[in-house]
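Using the supplied hints, reconstruct the complex from the two chains, each of which is provided in its own coordinate frame.
Residue numbers (this note's numbering), protein chains in the order written: chain A, 1 to 186; chain B, 1 to 516.
Just to be clear, a hint being listed does not mean it is correct.
What the hints assert, rightly or not - Here are a few chain A residues that face chain B, going by a calculated C-beta distance under 7 Å:
(1) L30
(2) V32
(3) M34
(4) V36
(5) F92
(6) A95
Said to hold, decoys possible - Some chain B residues well away from chain A (every beta-carbon gap over 12 Å; in silico):
(7) R162
(8) M169
(9) L402
(10) V428
(11) L475
Stated by the list, open to error - Output of the computed footprint for chain A on chain B, the stretches with three or more beta carbons under 8 Å from beta carbons of chain A:
(12) 130–143
(13) 172–184
Derived from the structure by calculation, the hints contain no laboratory data. Built from N, CA and C at the ideal position, the CB exists for glycine as well.
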Amino acid sequence: MSGTVVLAAAGGALVAAGVALVLERSLSRLVVGMLVLGNGVNLLILTGGGPAGRAPILHGVPPGADRRPMNDPVPQAMILTAIVIALGTAAFALAIAYRSGRLGDSDDDDVRDDIEDRRVTRGRHELRTQVRARRREFREWSREQRGQIRGARRELRAGIRAERERRAVDDPGDLDDGDDESGSDR
Amino acid sequence: MNQLLPLPVLMPLLAAGVKITLGPRHPGLQRVISVTVLAAVLSVAVVLLVRADRFGPQTVQVGAWPAPLGVTLVADRLSAVMLTVSAAVTLCVMVYAIGQDVADADRRTPLSVFHPTYLLLVAGVADAFLAGDLFNLFVGFEIMLMASYVLITLGGTAARVRAGTTYIMVALLSSMLFLIAIGVIYAAAGTVNMAQLAERFQALPSGITLLAELMLLTAFGIKAAVFPLSMWLPDSYPTAPAPVTAVFAGLLTKIGIYGFIRAETLLFPGHATRPLLLAAALLSMVVGVLGALVQVDIKRLLSFTLVSHIGYMIFGVALGSAAALAATVFYVLHHITIQTTLFLVAGLIERRGGSTSLHRLGGLARTAPLIGLLFFVPAMNLGGVPPLSGFLGKLGLLQAGLADGGAFADVLVVTAVGTSLLTLYALVKVWNQAFWRVPAEMPGTSAEAEDEGAAPPSVRLPAAMVGATVALLALSLAYTAAGGPLVSLTERAAAELLSPAGYIQAVRPQEPGGPS
Numbered sequence: 001m002s003g004t005v006v007l008a009a010a011g012g013a014l015v016a017a018g019v020a021l022v023l024e025r026s027l028s029r030l031v032v033g034m035l036v037l038g039n040g041v042n043l044l045i046l047t048g049g050g051p052a053g054r055a056p057i058l059h060g061v062p063p064g065a066d067r068r069p070m071n072d073p074v075p076q077a078m079i080l081t082a083i084v085i086a087l088g089t090a091a092f093a094l095a096i097a098y099r100s101g102r103l104g105d106s107d108d109d110d111v112r113d114d115i116e117d118r119r120v121t122r123g124r125h126e127l128r129t130q131v132r133a134r135r136r137e138f139r140e141w142s143r144e145q146r147g148q149i150r151g152a153r154r155e156l157r158a159g160i161r162a163e164r165e166r167r168a169v170d171d172p173g174d175l176d177d178g179d180d181e182s183g184s185d186r
Numbered sequence: 001m002n003q004l005l006p007l008p009v010l011m012p013l014l015a016a017g018v019k020i021t022l023g024p025r026h027p028g029l030q031r032v033i034s035v036t037v038l039a040a041v042l043s044v045a046v047v048l049l050v051r052a053d054r055f056g057p058q059t060v061q062v063g064a065w066p067a068p069l070g071v072t073l074v075a076d077r078l079s080a081v082m083l084t085v086s087a088a089v090t091l092c093v094m095v096y097a098i099g100q101d102v103a104d105a106d107r108r109t110p111l112s113v114f115h116p117t118y119l120l121l122v123a124g125v126a127d128a129f130l131a132g133d134l135f136n137l138f139v140g141f142e143i144m145l146m147a148s149y150v151l152i153t154l155g156g157t158a159a160r161v162r163a164g165t166t167y168i169m170v171a172l173l174s175s176m177l178f179l180i181a182i183g184v185i186y187a188a189a190g191t192v193n194m195a196q197l198a199e200r201f202q203a204l205p206s207g208i209t210l211l212a213e214l215m216l217l218t219a220f221g222i223k224a225a226v227f228p229l230s231m232w233l234p235d236s237y238p239t240a241p242a243p244v245t246a247v248f249a250g251l252l253t254k255i256g257i258y259g260f261i262r263a264e265t266l267l268f269p270g271h272a273t274r275p276l277l278l279a280a281a282l283l284s285m286v287v288g289v290l291g292a293l294v295q296v297d298i299k300r301l302l303s304f305t306l307v308s309h310i311g312y313m314i315f316g317v318a319l320g321s322a323a324a325l326a327a328t329v330f331y332v333l334h335h336i337t338i339q340t341t342l343f344l345v346a347g348l349i350e351r352r353g354g355s356t357s358l359h360r361l362g363g364l365a366r367t368a369p370l371i372g373l374l375f376f377v378p379a380m381n382l383g384g385v386p387p388l389s390g391f392l393g394k395l396g397l398l399q400a401g402l403a404d405g406g407a408f409a410d411v412l413v414v415t416a417v418g419t420s421l422l423t424l425y426a427l428v429k430v431w432n433q434a435f436w437r438v439p440a441e442m443p444g445t446s447a448e449a450e451d452e453g454a455a456p457p458s459v460r461l462p463a464a465m466v467g468a469t470v471a472l473l474a475l476s477l478a479y480t481a482a483g484g485p486l487v488s489l490t491e492r493a494a495a496e497l498l499s500p501a502g503y504i505q506a507v508r509p510q511e512p513g514g515p516s
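Chain B with its partners taken away, still in its complex shape (with noise of 0.2 Å):
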């Protein structure tokens, strides 16, 4: 069963080697290839999550190279977890983004292009989750970070290519310092498999340790997007097309977070970088959140938005403990399916309001109501209000902030509150401009606003596109209606996160705890 565990990797790469030769012929046969092959990963992730829950971390050995030596890839419940979720926010985009492709059949996105290299990003991802050592990790990251820098300047316009350049640029050089990161760690410890290197770092002195903690916690901060690191993202996302916007930003920076985490638990597991790691979360949370308050383009607002919430994933990773875990992963995935949503929604106002600027928005939600429906409900649980998934995460990284009793906890914990709440000012803004305002109220109403105004409400909205963001709208909620399981899932992951022994035994079976 454990052959399972490479598939969520080859088959987007094998499909996107089709795509690549297939061309821009038969359209119709693949975009039916691009959907199969991503259910197709959701239920290789499906059964790779039960079976880590129930029987422990899964393990293959790449090429039968025994662990140090070889690529391990490793599904562990965090892995697992991740993966699902993703490949299900994967799946859903993708049906958005034909769904787009089917309505703009005069001036679609180049499916030759945007296919493959979609299929791509979801096997870096895939790649980067399943990873049991660094070295697999960073080819993960390339994957994706490859196809994310065509997906970024797809199309080549002046504001793409110029928003690419950053977002390229500044990858690149968070790949650099994860190489050199990677250099200084085989130096050191001899060897790249995380398993063996969470042995090793225990014999090596605490200075060497911290030098390498910190190098992967920049390259993972760069892109997480942590607040001193964030100042590309508000940037370079907006003006991608949205599938790819809404997949960026749900999916990319949760993977630097899921770099934080393993890092923090299996490599580093001492704390030494606590008090930096908390002053890097408050600074994400307050200065994303006051950026998204003057924003006046819903995609940029959102993107500030992303900035501070990813704040408070890394609250929960430094507070480190075995409940400030289970929240964080929780936070995660809500966050992951959250972002992605309300992104898919912001291109659908587009589509449907002719721009995602509040000044020339207005009255959507008499036009649109659906649209209102469907930005209404992931605003409020980004926001945090209560029976939504955003509260029960939330919830629980207050609570394991207070029981962590430090003074820096407490303060981060208020300054969690209030970054709730100016988030949901931030959106309750964009809903009383966008959805609530008569459009006579606008500012600048001449006959030729008017005119432009007057164009799109004719548009129909394409039913994958709307079809899709009803799917992830009901993803989040069934974090909420199955939010018992799910939480009892995160705290699993949790305890085995904080005791690394079973994934190391899992890894290297036959030396139980010896160095090699």
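Only chain A is shown next, with the shape it has when bound in the complex (with noise of 0.2 Å):
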């Protein structure tokens, strides 16, 4: 039995390692890990198909030559057939990661993004800088609009005290210039 327990941990270890590399970005990676985690796969089937035993041939064998039991062949009949499987799809995904680098325009092989995708974002990404931009704009415009309202109502306001002043000099008596002039007539 301890020589399953070794099976199901070095299935478990390639499994592990088959995962992290799938969560890679490159696409030789992605491929690597896919094979690995497949072996892993393939030891944990081995694992499950029981104790080590003898070849299960009973061909050539007397009867009750050999008591040992034998090993489960159907756990390796279906490796068998996912290895070849594997095997094929590794070729493919290799020669699809070799032209995905040769057609890409950088240097890696890592897997782009959706276009699709990447047109929804980048609109919406262009959209907020847009509108950011436009904010920022917008709030100098009024800063500055507010600074010149500012200046010409503190200038407004300096003349009239001017004048007000040039009246009180000219004119002591009388804070109203307008009701003065108006009186002055009648």
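Here it is as structure tokens:
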């Protein structure tokens, strides 16, 4: 049984390594990760077949010659099939990774973003930056305007004050010159 | 007569081999071979369907090894009816592809690649439907997926390679999960024969069967594009050539659904995952249709409605009653046909209008009234407008949902009605923009855009492409015309699914019910 524990542990380690590789962005690592993952799974299937035993061949064995239990052949058959499938898939995936690397404008073989996704997110991003820029522009513009208004008001007030002072010097008895003039008309 | 059973797998495989040997020579002969083989598969499937319906599940033990040891092929009513419809659809798509090929003689898709790969795909699909054990189901999936990797990256352009990578990696991961599930099941039950598993799972602790069930359903869920596992589909399908997208959208996801039906009736009849499936169905419907509403590309829009309609089928599987299963099977058949038709029409639109983007299309109802008709009827069918088959399927599902009586099921019934309306809205949006809008209303109509728009209308649509689409449309209308017999057939299939004793007896006749 100790053999099966080692097998299971090895399978688990391979699966862990495979999962870590599959989470990468580079295509060649993805392919290698899939292969490692597949090998781990194959080991686990082998573990599922039970403890080790004699080769499962009855031909040529005299009855009662070897009493050790036979190994279960079904998991081995399944693993063989899985290996063949993995081989074909890996070859194709590597070809795709190569093609993807050749087609890309960058040197690496990273999986590229989806164009549609990128368009959606980029569109939103551009919109957001545009809005921000416009808001900043507007703020600056309004600050400027406010400053100008304030300046104009200040000037106006200063003008009024100067005018009042001037009139106060001319005619110290009256503050309101408008009424004064209309009164003088009467 | 049961020796017919391996033929749907063997004939396309052999033909694919012949075609690889021939290479690019004798294109005419190759086309004849493809169509003949697919027509033969269809006729064998029809014979199997009739026999499975009359005499119960048809089985063949490959190599005469008895059931738990060897490979068993089984055709019960569900398998046979799925096989028949998929054979009809693949035949029509082949004719369509040939029409496209002949028309584009100058820049044709590589004949020596497309035809053998497509036949391999058909063989894999048939193998998956006929598989009597889980491992053979896995092999069928792998044959089909291997072919689909080639088909989705056909031509190797940058867009297709990018979309293909996503598809391949996701499919590889789901295969890996499927393989782990098989390993777990073999370690727990000591067999992968589905009939024997059905017996042995009953003796196992519920925790182990739940683990096995969840792993299988995850693997199938990725293939069927059920909501949390569906993100790959709208990204990868639309870039492929129109016939490839059509057959992928119509068939490949439905094989995942077939896996769901098999798992939930034969292997795990206990409905332990019912709340999970109901939630997945709800989210698939809502997320899929909301995604569809905002798309501007017809192919992407259709891909999103595909995700949303997978939710209906999961809903039926989750309910699990005889009426629900019958409605699900009917819905699957309807959806295979209708989704394929719509993608083929999208291909026609692309040919005629030069694009599938709603921003660039317009006025097709006037310039191409036939495409208008070909789009309108399946679109209304997908939305569930009454006399058409989509309505019949949805009605069956809603009735089964109401009969179920659970609160969650009622919520899903309401959601299903809402989703149906939103689907109709999304498709009407396509109709308004692509078909009814006067080209002058189109945004950004500059002189350059008008030049682009002026070039395509001279394109004549090849008769084979239109003919294949019309044939599929006729098939979907036949579901309405022959609604009564078809519904009773799906009801018989559901009854058969719910009493697996007949299936088990057919696969392992020598031991009635006893564990070996």
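Exercise. With chain B as the partner, please determine if F92 of chain A meets the hint condition of a C-beta pair closer than 7 Å.
Key: At 6 Å from the nearest chain B Cβ, F92 of chain A passes the 7 Å test, so the hint holds.
Quiz item: For the hint on V32 of chain A, does the least C-beta distance to chain B fall short of 7 Å?
Solution: 12 Å, violated
Quiz item: Does the claim that L475 of chain B lies outside the interface with chain A hold up, using a Cβ gap greater than 12 Å?
Solution: Fine: 32 Å to the nearest Cβ keeps L475 of chain B off the interface.
Self-check item: Separation of M169 of chain B from chain A, once the least beta-carbon distance is taken, above 12 Å
Solution: 6 Å, violated
Quiz item: Under the criterion of a CB-CB separation shorter than 7 Å, is M34 of chain A in contact with chain B as hinted?
Solution: Status holds, d = 5 Å.
Self-check item: Proximity test - 8 Å, beta-carbon atoms, the region 130–143 of chain B to chain A, at least three hits
Solution: Three-residue rule met by the region 130–143 of chain B, so holds; n is 3.
Quiz item: In terms of beta carbon proximity below 8 Å, does the region 172–184 of chain B have 3 or more residues touching chain A?
Solution: holds (count 9)
Self-check item: Satisfaction of the A95 of chain A interface hint, Cβ to chain B closer than 7 Å
Solution: 9 Å, violated
Quiz item: Does V36 of chain A meet its interface restraint, that is, does its C-beta lie within less than 7 Å of any C-beta in chain B?
Solution: This hint is violated: V36 of chain A lies away from chain B, its Cβ roughly 11 Å from the closest one there, beyond 7 Å.
Quiz item: When the nearest CB of chain B is found for L30 of chain A, is that gap smaller than 7 Å?
Solution: Holds. Min distance 6 Å.
Exercise. Hey, is L402 of chain B genuinely clear of chain A, shortest beta carbon separation above 12 Å?
Key: Holds, since 38 Å exceeds 12 Å.
Quiz prompt | Outside-interface status for V428 of chain B - nearest CB in chain A farther than 12 Å | solution = 23 Å, holds
Hints 2, 4, 6, 7 and 8 from the list above are not met by this structure, while the remaining hints are.
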